[in-house]
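Chemist: So the chains spell out like this:
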Amino acid sequence: MKEAVFEVTVSLNDALAFASLSGDWNPLHTDEEFAARSQFGRRILHGAFSAGLVSRMAGMHIPGSDCLLHGMRLKFLQPILPPARLRVKGTLVVEQGDTGRVAVDVSDAESGRRYVEAWYEYGSQRPAATADAVSHPTTTGEPVILVTGASGGLGKALLARLGPRGIGLSRSGEGAVPALLEVAHVDALTGGAPIAGIVHCGWPAPDNTRLTKLGDAAAAIEYNLSQPLHQSIALSRVLIARGTPDAILLLVGSTAAQPGRHNYRMPLYTLAKALIPPLCRILAIELGASGQRCAAAIFDVIDTGMNKAMSARARLAHEDRSPVGRIASADDAAAQLDWMIANRSFLLSGATITLSGGALP
Amino acid sequence: MTSGPRIVTALATEEHASAVAAFYREVWNPAATTESVVAATRRSAARNVAAPGEPTPTALVLAGNRVVGYCGSIPQRLWDGVRERPAYWVKGLMVLPEYRNGPIGYLVVKELSRHLECSTILTVAPAARRLFSALGYTDLGAVPNWTRPLRPSVMVEQLDFDALGLNRLPNWVSAGVSVGRRTGIAGLTAKLAGLGLDVATGLARLPTAHLDTTGLGAPSRVELDELWITARENLKASPLRDGTYMDSRFGNGGEQGEAEENAGNPYTFVTTRDRGRLVGVAVVRRPRATSDARLKGIRVATVSELVFPIDRPDAGLATLGAIERMARAAGADALTCMSSHPILCGLLRRQGYLRLTGNVHFFLRDVSGSDRLRTDLGAWWLARGDGESDTSF
Amino acid sequence: MITDRDAKLNEIVSAVLELPTGTDVSHVRQLGVESWDSLAHVSLMLAIEGEFGVTIDIADQIALTSVPAIRLYLEERGL
Chain C
1 MKEAVFEVTV
11 SLNDALAFAS
21 LSGDWNPLHT
31 DEEFAARSQF
41 GRRILHGAFS
51 AGLVSRMAGM
61 HIPGSDCLLH
71 GMRLKFLQPI
81 LPPARLRVKG
91 TLVVEQGDTG
101 RVAVDVSDAE
111 SGRRYVEAWY
121 EYGSQRPAAT
131 ADAVSHPTTT
141 GEPVILVTGA
151 SGGLGKALLA
161 RLGPRGIGLS
171 RSGEGAVPAL
181 LEVAHVDALT
191 GGAPIAGIVH
201 CGWPAPDNTR
211 LTKLGDAAAA
221 IEYNLSQPLH
231 QSIALSRVLI
241 ARGTPDAILL
251 LVGSTAAQPG
261 RHNYRMPLYT
271 LAKALIPPLC
281 RILAIELGAS
291 GQRCAAAIFD
301 VIDTGMNKAM
311 SARARLAHED
321 RSPVGRIASA
331 DDAAAQLDWM
341 IANRSFLLSG
351 ATITLSGGAL
361 P
Chain B
1 MTSGPRIVTA
11 LATEEHASAV
21 AAFYREVWNP
31 AATTESVVAA
41 TRRSAARNVA
51 APGEPTPTAL
61 VLAGNRVVGY
71 CGSIPQRLWD
81 GVRERPAYWV
91 KGLMVLPEYR
101 NGPIGYLVVK
111 ELSRHLECST
121 ILTVAPAARR
131 LFSALGYTDL
141 GAVPNWTRPL
151 RPSVMVEQLD
161 FDALGLNRLP
171 NWVSAGVSVG
181 RRTGIAGLTA
191 KLAGLGLDVA
201 TGLARLPTAH
211 LDTTGLGAPS
221 RVELDELWIT
231 ARENLKASPL
241 RDGTYMDSRF
251 GNGGEQGEAE
261 ENAGNPYTFV
271 TTRDRGRLVG
281 VAVVRRPRAT
291 SDARLKGIRV
301 ATVSELVFPI
311 DRPDAGLATL
321 GAIERMARAA
331 GADALTCMSS
341 HPILCGLLRR
351 QGYLRLTGNV
361 HFFLRDVSGS
371 DRLRTDLGAW
381 WLARGDGESD
391 TSF
Chain A
1 MITDRDAKLN
11 EIVSAVLELP
21 TGTDVSHVRQ
31 LGVESWDSLA
41 HVSLMLAIEG
51 EFGVTIDIAD
61 QIALTSVPAI
71 RLYLEERGL
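Those protein sequence lines, which keep their order, are chains C, B and A. Each residue of the first sequence is one higher than the one before, counting from 1 in the working numbering. Each residue of the second sequence is one higher than the one before, counting from 1 in the working numbering. Each residue of the third sequence is one higher than the one before, counting from 1 in the working numbering.
Think of the hints as simulated: they come from the structure by calculation, not from any bench. For glycine and all other residues, C-beta sits at the position ideal for the given N, C-alpha and C. Any given hint could turn out to be false.
Residues from chain A that keep clear of chain C, each with C-beta distances beyond 12 Å, as calculated [what the hints assert, rightly or not]: (1) N10; (2) T21; (3) G53; (4) V54; (5) T55.
Across the chosen pairs, the derived CB separations fall in these ranges [said to hold, decoys possible]: (6) A217(C) with T21(A): 58 to 68 Å; (7) E222(C) with V38(B): 33 to 43 Å; (8) V324(C) with D57(A): 22 to 32 Å; (9) A36(C) with S18(B): 50 to 60 Å; (10) S345(C) with G136(B): 51 to 61 Å.
Produce the complete structure using the sequences and hints provided.
Modeler: What follows is the structure, given as structure tokens:
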């Protein structure tokens, strides 16, 4: 697991400098006499100073020079009383392509007392590794297919198949979009071309943290469950506004949502993917009012992205679950999505199709 | 370098109730709850005839906190020709689909067997039979199945006699069947054959005319106890069939299992009395489409229980007659009965039952040190309702 | 060239699964062989433990569902 650590000494002058930069002259941070009468007995460092330390972790260490900070959250456990020697440790907990999430701990370098617990999400301002997987907007007026998660293995493979009619959307790199896609953003990307389909591959990667061990359950739920649901709703609205009469929203699910030998080792991922079948049926009804459709494709393990690093033994175990002794490649799965996109029938709407090659649970 | 959750075997306690309920929901009963599991456990402990008050042994294999393998048991008492012995039926072996063909089935049966000094099994599945044999259970063999056609025209049209192993049919049956099928008038021929059969079996029962088989309802526990005490004198090996067992298993106080039997108790008692004294009793399970694929959907009533003193063949014949009348009244196309005991088998033949190739194997394991329990199948008095196998197959 | 370990493993697999003599078992998988049932699996694990002097944890036994997987397991243990 990728980690980075740095130490920094903060002095009373640092507190004054921060007050000067930020304009926060609250006497608890700047007035010795006032602070002496408080419960702390002396001046405490601005909580937001720690945000700067988090920013340093992101900009200088993980991911470093190409970092584009998307968001951060901090929890102040104890006040920092300068002068103090601080130890800042960052741990990369999720990485998917050029994006990721890092947990940060700020503690006393000598005693180990924890001051701040934080996490941040980042993207990259560097173009995606295979830039040709992210297509440029078409200007021909022909219907296009939007693919979210374009920087992931499945997204890239699908865009390669779709050719010029595919438009990739990701949170970073070319085609970078805000957290929630809106109609105005889409027009800029599509050049006004109608949308024949949206393939939603951009779900958060598996997080193996047990539910009862989550440090910040609210943040984890927001990231893993709420955001994907918001995104699906936003994409549905885009489809209604800009979709062709029989346009389709394709949701990409996983067999990890069902019981199996995985024993729910990725609980948040399982919960998020478990939403897909009923969400598909609900959106099929709502999109049906405008003649549009929603369907879902459920895959088992795909040999791409997060799964590339699996051990030889894990790989064999997955192959052994398959009646044909194979794990699907990104292109195998992309071919199935292409097949579903090509199916223009209304009967596909509301369908959740498991495309696991018959793999045992 | 193990991956995945820790695998452990355990004997189920109330602490496992949540995990067991989750397992039940996955496999058998979507409505199972922790509370229902705890309640059922306490109920079975209260009724445990093998070890009164003790929970019925149930073995689990757990992957982390999840039950992935399960094997239960049913308390019973066995008669060994001299005395009663506590024992258990092994029942309900189940492994989650994603764990099958691995070590789980073996582990769970092995764990259960550790806690059972004396146990029996009735099972059909070949894979399960291999497993039980490997774990020290002796396969006493396939218990013969017997079928009495009540509406032969229906059976002739639907049965594959070769698959059923009916290669030694009475001449009048096989001749009638082959003529009927060649000429396309199977229904008529079978009706005539059936009529002949009924007349013949009726004549066979004439010596029982002095016995009363018109009684309705279950006998009292006292009567059933007296009948059992009499009947067991000439039996070498049998599960106990006294009043307590009969009442709890087949009476309205019993647990009747299958969800589809929500119209009430599926069992009906028939009795034979000699000047008021109970000399024969049977329990018939109401007709339903059979689960035996070889019998192809015809409605079959099952003789789940049958007790009479084997030195009173008249009582046996009269009881079989009562069973037949009851089954006809309930709309059955056929009756099925299971027996390996030569006395009963002889009576069944006289009453027009056809012997089918057996597919239910009887297993026995006794590590108590006593060698009294017989290992020849013909010594055993077995019935279709034993080990609740009339609910499974 | 086949190693002694692989030759022994193949011999055990052939015997336990009762496969015809001469069958190439080096890539056999549980899903593809009818005789590889629960009892055969336990027998296979016991035979491997006995032959190679290793104790196979139950969680690992569940994952050893093909000859290649068993071979890799033994390799990882320097056997």
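Chemist: Against each hint, give a clear statement of whether it holds in the structure.
Modeler: Going through the hints against the structure:
1. N10: Given a closest Cβ separation of 17 Å, the condition holds.
2. T21: holds (24 Å)
3. G53: holds (20 Å)
4. V54: holds (15 Å)
5. T55: Answer for T55(A): holds, closest chain C Cβ roughly 17 Å.
6. A217(C) with T21(A): 58 to 68 Å: Given range 58 to 68 Å: holds, Cβ gap about 60 Å.
7. E222(C) with V38(B): 33 to 43 Å: 37 Å Cβ-Cβ, so the 33 to 43 Å window holds.
8. V324(C) with D57(A): 22 to 32 Å: holds (29 Å)
9. A36(C) with S18(B): 50 to 60 Å: holds (55 Å)
10. S345(C) with G136(B): 51 to 61 Å: Since the Cβ atoms of S345(C) and G136(B) sit about 59 Å apart, the hinted range of 51 to 61 Å holds.
Of the numbered hints stated above, none is contradicted by the structure.
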